[in-house]
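Peer 1: Here are the chains, one letter per residue:
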Amino acid sequence: MKSMSNWSELKNNPRLKNIYDTRIKILRLIREFFWSLDFVEIDTPIAVRFASQEPHLNPLPITIHDPNGQGERFYLRTSPEYALKKLLAVGYEKIFEIGKCFRDFESFGGTHNTEFTMLEWYRAPGKYQDIMDDTKNLFKYVASRLPAPIRGGTEGGVLRYKDKKINIFKKWERLSMKEVWQKFINVNLDDYLEIKPLKKLANDRGCTIDDNYEYEDIFYKIFLNEIEPKLGLERPVFVYDYPASMASLSRLCERDHRYAERFELYIGGLELANAFGELTDAAEQKERLGKDRELRQKLGKEVWPVDGDFIAALASLRPASAEAIARQAGIALGVDRMVVLFTGAKDLNEVIFGSISDQLSN
Amino acid sequence: MASTSDVRKGVVIRQPNDLFVVVEFQHVNPGKGAAFVRTRMKSLGSGKVVEVTYKTSETVDIVQVDFHTMQFLYKTGDKYAFMNMESYEQIEMDADFIGDDAKYLKEGIDVVVGLYEDRPVSVQLPTKIKYKVVEAPPAVRGDSATGNVTKEITLDNGLKVQAPIFIKEGEEVLVNTETGEYSARA
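Sequence lines, in order, name chains A and B.
For the record, in the first sequence the residue sitting at position 43 is 42 according to numbering that gives the first Met the number 0, with numbers rising by one throughout.
For the record, in the second sequence the residue sitting at position 80 is 79 according to numbering that gives the first Met the number 0, with numbers rising by one throughout.
Simulated from the structure, these hints should not be mistaken for laboratory data.
Keep in mind that this is a model prediction, so the values were computed, not measured.
A virtual CB, placed ideally from N, CA and C, is assigned to each residue, including glycine.
Check before you lean on any hint, since a few could be wrong.
[Unchecked claim] Restraint-style ranges between C-beta atoms, simulated for each label pair:
#1 Gln14/B <-> Asp103/A: 30 to 38 Å
#2 Gln14/B <-> Gln69/A: 30 to 38 Å
#3 Arg14/A <-> Gly169/B: 45 to 53 Å
[Said to hold, decoys possible] Calculated lysine-lysine pairs in the BS3-like style (CA-CA distance at most 25 Å, straight line):
#4 Lys169/A <-> Lys195/A
#5 Lys169/A <-> Lys345/A
#6 Lys78/B <-> Lys150/B
#7 Lys195/A <-> Lys161/A
#8 Lys229/A <-> Lys47/B
#9 Lys16/A <-> Lys41/B
#10 Lys8/B <-> Lys10/A
#11 Lys163/A <-> Lys129/B
#12 Lys345/A <-> Lys139/A
#13 Lys16/A <-> Lys129/B
#14 Lys345/A <-> Lys16/A
#15 Lys93/A <-> Lys161/A
#16 Lys10/A <-> Lys131/B
#17 Lys169/A <-> Lys182/A
#18 Lys41/B <-> Lys10/A
#19 Lys150/B <-> Lys229/A
#20 Lys229/A <-> Lys41/B
One chain only, chain A, in its complex shape (with noise of 0.2 Å):
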């Protein structure tokens, strides 16, 4: 799509058209079914001071300036969950905000678009597998509620994604990161939570890696070259409890606290969403924050304070009994490359009218 303006390539090739005829029914579906189960739709802001501390995802700066000219640096949000988590903190308990989101430094077209659409939701109470079966049930509100041609007509081969043809209306997989270790590449990851033997462990298998590889990094390598793209081929999977040390803004499972309450879902080989069972204690939530911040310095990042009006909400949290402890649970969901899946679509560009890309290209 070079060398013509956006408008021009939707009006005269009623492929794209129908990809964003559909997209915008998506949202309006998004929308229907959350409200459906008393979900609340709230707002929050998208320029924030105290942007995630996600060491590897970089927020957009912009600076603001007061009438006489006085600059304030803000970040584009990379995602709403901060804001969210407070809101949960005020006494709502169903939660959903659709909006936009940026991260800089990632590809345009592909399956990244500097400025995307993102879905979260949140429950409080509320548990992970709450989260995954409300994430089936709005594919299938969607995929049902869409005009046949659509949705593959009746024979159901609802989603695609390149060659793959998914099928939402099978049953869905859940499967925990250590079974998908051992199922794809038959290695059990309980040996391999510490860097040293995963170091060894990624050696053995050919991959190059050098002494800067942080855990994570090398735990990726192996898990994008030989594990991500055989996901979810035939049908969705969950694939849940993440290594501690990846745990970002979750909870340790209670039975095992080497492992964290983190899900992601794949469909055709794509990564659809990230949700936690949040982590809801104050102490150990601004300890991590600080330690990412920490990262985030060392690979040389811009840094900023660790958001403490989060710190102080979920301090505020108050056990429902002497033993309980505060229940939450949520996910965000990109809304754009579930359009993919949808339609059929190539790539991100396809779906989302002026991407970055076709804005460069005018």
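Given chain A, put chain B in place with the hints provided.
Peer 2: Positioned in the frame of chain A, the structure of chain B alone reads:
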């Protein structure tokens, strides 16, 4: 040594065992992890396709490939003949090597060919190619009412694409070689 930011379609990478030409590459940012570049590449020796994932900023041994503009001349059997527009030398490529792109070729179009030690390793087509419409069935009344807003047309090199119903025989159209679809009237 080059870095992963230099990896793109058509570059040739030296791995310990062989030379590979990149046929596909994609940036992947897993969940909330670091950035990676996933490539599919074809061995220049065996023709076998492998997948290799690099961490962003990893060093990659990219070997020098020279790019030349070449004009497509003709096809005989399963050989495709091109002329190097700088040296006026002629080279032939196998149908296997050109692959699916062969259907877009038509006499006189320019392509960019990557040469490694005088051996072609990649062929890049123009993003849009102009063709003359040689066959376009007339639009049937009621087509648009039934949602039938496109029809199949045949172009002067035999390529068939879906185009809007208003396109007529003898017109010139542009086809997008990335999507394989009708793009606009030329």
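Peer 1: Each of the hints needs a verdict: does it hold here or not?
Peer 2: Structure-based check of each hint:
{"no.": "1", "hint": "Gln14/B <-> Asp103/A: 30 to 38 Å", "in the structure": "holds (31 Å)"}
{"no.": "2", "hint": "Gln14/B <-> Gln69/A: 30 to 38 Å", "in the structure": "violated (54 Å)"}
{"no.": "3", "hint": "Arg14/A <-> Gly169/B: 45 to 53 Å", "in the structure": "violated (25 Å)"}
{"no.": "4", "hint": "Lys169/A <-> Lys195/A", "in the structure": "violated (40 Å)"}
{"no.": "5", "hint": "Lys169/A <-> Lys345/A", "in the structure": "holds (24 Å)"}
{"no.": "6", "hint": "Lys78/B <-> Lys150/B", "in the structure": "violated (32 Å)"}
{"no.": "7", "hint": "Lys195/A <-> Lys161/A", "in the structure": "violated (37 Å)"}
{"no.": "8", "hint": "Lys229/A <-> Lys47/B", "in the structure": "holds (19 Å)"}
{"no.": "9", "hint": "Lys16/A <-> Lys41/B", "in the structure": "violated (35 Å)"}
{"no.": "10", "hint": "Lys8/B <-> Lys10/A", "in the structure": "violated (30 Å)"}
{"no.": "11", "hint": "Lys163/A <-> Lys129/B", "in the structure": "violated (31 Å)"}
{"no.": "12", "hint": "Lys345/A <-> Lys139/A", "in the structure": "holds (22 Å)"}
{"no.": "13", "hint": "Lys16/A <-> Lys129/B", "in the structure": "holds (23 Å)"}
{"no.": "14", "hint": "Lys345/A <-> Lys16/A", "in the structure": "holds (14 Å)"}
{"no.": "15", "hint": "Lys93/A <-> Lys161/A", "in the structure": "violated (35 Å)"}
{"no.": "16", "hint": "Lys10/A <-> Lys131/B", "in the structure": "holds (22 Å)"}
{"no.": "17", "hint": "Lys169/A <-> Lys182/A", "in the structure": "holds (20 Å)"}
{"no.": "18", "hint": "Lys41/B <-> Lys10/A", "in the structure": "violated (38 Å)"}
{"no.": "19", "hint": "Lys150/B <-> Lys229/A", "in the structure": "violated (37 Å)"}
{"no.": "20", "hint": "Lys229/A <-> Lys41/B", "in the structure": "holds (20 Å)"}
Consistency with the previously given hints fails for numbers 2, 3, 4, 6, 7, 9, 10, 11, 15, 18 and 19, ordered from lowest to highest.
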